[in-house]
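Chemist: Chain residues, written in single-letter form:
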Amino acid sequence: MRVNMTVNGRPYEADDVWEGESLLYVLRERLGLPGSKNACEQGECGSCTVRLDGVPVCACLVAAGQAEGSEVVTVEGLADHARQRSGEAAGAVCPGEPEEGHPGTPGTTRHPEPTRPGQVAPLAPVQQAFIDAGAVQCGFCTPGLLVTADELLERNPDPSDADIREALSGNLCRCTGYEKILDAVRLAAARTGEAV
Amino acid sequence: MDFLRPAGWEEALAAKAEHPTAVPIAGGTDVMVEINFDHRRPEYLLDLTRVAELAEWEATDRTVRLGAGVPYTRIIEELRTELPGLALAAHTVGSPQIRNRGTVGGNLGAASPAGDAHPALLAAGAEVEVASVRGTRRIPVEEFFTGVKRHVLEPDELIRAVHIRRADGPQQFSKVGTRNAMVIAVCAFAVALHPRTRTVRTGIGSAAPTPVRAREAEEFLGAALDEGGFWDSGAPLDPSVVRRFVELCAGACRPIDDVRGTAAYRRHAVGVMARRTLGWTWEAYREGEGRTAQCA
Ligand SMILES: Cc1cc2nc3c(=O)[nH]c(=O)nc-3n(C[C@H](O)[C@H](O)[C@H](O)COP(=O)(O)OP(=O)(O)OC[C@H]3O[C@@H](n4cnc5c(N)ncnc54)[C@H](O)[C@@H]3O)c2cc1C
Ligand code: FES
Ligand code: FES
Numbered sequence: 001m002r003v004n005m006t007v008n009g010r011p012y013e014a015d016d017v018w019e020g021e022s023l024l025y026v027l028r029e030r031l032g033l034p035g036s037k038n039a040c041e042q043g044e045c046g047s048c049t050v051r052l053d054g055v056p057v058c059a060c061l062v063a064a065g066q067a068e069g070s071e072v073v074t075v076e077g078l079a080d081h082a083r084q085r086s087g088e089a090a091g092a093v094c095p096g097e098p099e100e101g102h103p104g105t106p107g108t109t110r111h112p113e114p115t116r117p118g119q120v121a122p123l124a125p126v127q128q129a130f131i132d133a134g135a136v137q138c139g140f141c142t143p144g145l146l147v148t149a150d151e152l153l154e155r156n157p158d159p160s161d162a163d164i165r166e167a168l169s170g171n172l173c174r175c176t177g178y179e180k181i182l183d184a185v186r187l188a189a190a191r192t193g194e195a196v
Numbered sequence: 197m198d199f200l201r202p203a204g205w206e207e208a209l210a211a212k213a214e215h216p217t218a219v220p221i222a223g224g225t226d227v228m229v230e231i232n233f234d235h236r237r238p239e240y241l242l243d244l245t246r247v248a249e250l251a252e253w254e255a256t257d258r259t260v261r262l263g264a265g266v267p268y269t270r271i272i273e274e275l276r277t278e279l280p281g282l283a284l285a286a287h288t289v290g291s292p293q294i295r296n297r298g299t300v301g302g303n304l305g306a307a308s309p310a311g312d313a314h315p316a317l318l319a320a321g322a323e324v325e326v327a328s329v330r331g332t333r334r335i336p337v338e339e340f341f342t343g344v345k346r347h348v349l350e351p352d353e354l355i356r357a358v359h360i361r362r363a364d365g366p367q368q369f370s371k372v373g374t375r376n377a378m379v380i381a382v383c384a385f386a387v388a389l390h391p392r393t394r395t396v397r398t399g400i401g402s403a404a405p406t407p408v409r410a411r412e413a414e415e416f417l418g419a420a421l422d423e424g425g426f427w428d429s430g431a432p433l434d435p436s437v438v439r440r441f442v443e444l445c446a447g448a449c450r451p452i453d454d455v456r457g458t459a460a461y462r463r464h465a466v467g468v469m470a471r472r473t474l475g476w477t478w479e480a481y482r483e484g485e486g487r488t489a490q491c492a
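Order-wise, the sequence lines are chains F and Z. Read in order, the letters of the first sequence are residues 1 to 196 in the working numbering. Read in order, the letters of the second sequence are residues 197 to 492 in the working numbering.
I should point out that these hints are in silico values taken from the structure, not numbers from a laboratory. Any given hint could be a false lead.
[Stated by the list, open to error] Heads up, incomplete: computed chain F residues facing chain Z, CB under 7 angstroms, no partners named:
#1 G20
#2 G43
#3 C58
#4 A133
#5 Q137
#6 L187
[Claimed, not checked] Chain Z is faced by these chain F residues, among others (derived, beta-carbon under 8 angstroms):
#7 M1
#8 N4
#9 L182
Model, not experiment: these values are computed from the prediction. By construction, the Cβ of each residue, glycine as well, lies at the ideal position given by its N, Cα and C atoms.
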């Protein structure tokens, strides 16, 4: 069957999709978006987490046909998504506007460009925070954690430790022991708080 | 395989009548695992996520009609007051990602003895509304399950909604597992005080081939509360009454030994949960939660 959806703001069409196929498979194998990881295929690890019409879900448990006509955000689109959000929050949706407080270079102004394929996108605050806090080791869990953490901060800009733990409880990491991941989310929250 | 995508309820029923072997898929958190692991290759998948009616709930005076497709996250956020026991149980399901997709309709459809919604539904008092092109029927939730992963649905039927009694007193849910998130219950227990009818109801999960109520325990406690004038006095419960209630709850289990726990452990744990949850609900009742609700 054919499946149409919008991924990271762009329309996509996948042909010859098998009816039992997961959204994760379509993203990775048919649309060339391998950022969402496939580890368990049973909803246990969260490494395939994407936003489906805004809601964080395990892409491995969504049937491709269920995503027909929906809006998907994957880790590949996270920076754009975060930038659009902060643009909206500032009351200016214009993508060319300068933006305050790029996390990596405090105090300087950044001129974000809409990303094109092949171009290295500037990072979302939560991505930069993961790097700065040392929350990435092998990196396999990272895309899912980033999507989950970004959604938490969108909903709750000033989360308690309990909020963070609960929000991330569906994302497994076998490397970091989670402490640095918690640090990263706290850091992203603190920086976002300053920037607003 | 064919993917059926009805846009409305009537269309869904027609599709199920035409293809009785079609496997309904709501949140997919059970179905997709089976497909990903090749445990299931249905001829037809019947996607219910486009049927808007299923994702709605409505409250009347005495009940909430919960659409089969309302995800757990919304139950937790929107129905904590009307359905506190179910909201607590929903909060223990899987992880946020699973709760964003998983539904009570899917929990009933899977009919696992470990389904977390079931004890809460049993304790609150609920009827499952199922329908086909032939018509609609309502099944008390205690009669819905017929065995491990088996239920009373006919091949052409779908679950439309669950009618759950609105809480008129404190409710609790408790679950034993190896950690807090992402855990199938070793066993689970739910209790609901119903001051309006002066009754107590329970639900036990993962300790018998189907979810069950501890009816003897309910009757015993109901009589003890009535005879002792406890509903009016709100006095602390006699330890002997609590002890007997706990014994009867543990006695209602028909557990098995499996990888998650032994039968003896489950029976013991159900007793512990029965004591704790009764303690919490009775405290809440004494502090006025239940008694205010009764007057309202
Ligand atoms: C990682 C993970 C953790 C989990 N943790 C828990 C947990 O802690 N507690 C728990 O109880 N469960 C848990 N589950 C199981 C699952 O999430 C629940 O059973 C959930 O309620 C299923 O809902 P769903 O909408 O996703 O069902 P689906 O997978 O869409 O369907 C489940 C079954 O119900 C049938 N069905 C669905 N809707 C209808 C309908 N309207 N009419 C008739 N039949 C229907 C389907 O055909 C299928 O047989 C977990 C699953 C995963 C993957
Ligand atoms: S791959 Fe989807 S949760 Fe693990
Ligand atoms: S960094 Fe390796 S799994 Fe998390």
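Chemist: Could you run down the list of hints and mark each one as holding or not?
Modeler: Hint by hint, here is what the structure shows:
no. : hint : in the structure
1   : G20  : holds (5 angstroms)
2   : G43  : holds (6 angstroms)
3   : C58  : holds (5 angstroms)
4   : A133 : violated (22 angstroms)
5   : Q137 : violated (21 angstroms)
6   : L187 : violated (21 angstroms)
7   : M1   : holds (6 angstroms)
8   : N4   : violated (13 angstroms)
9   : L182 : violated (15 angstroms)
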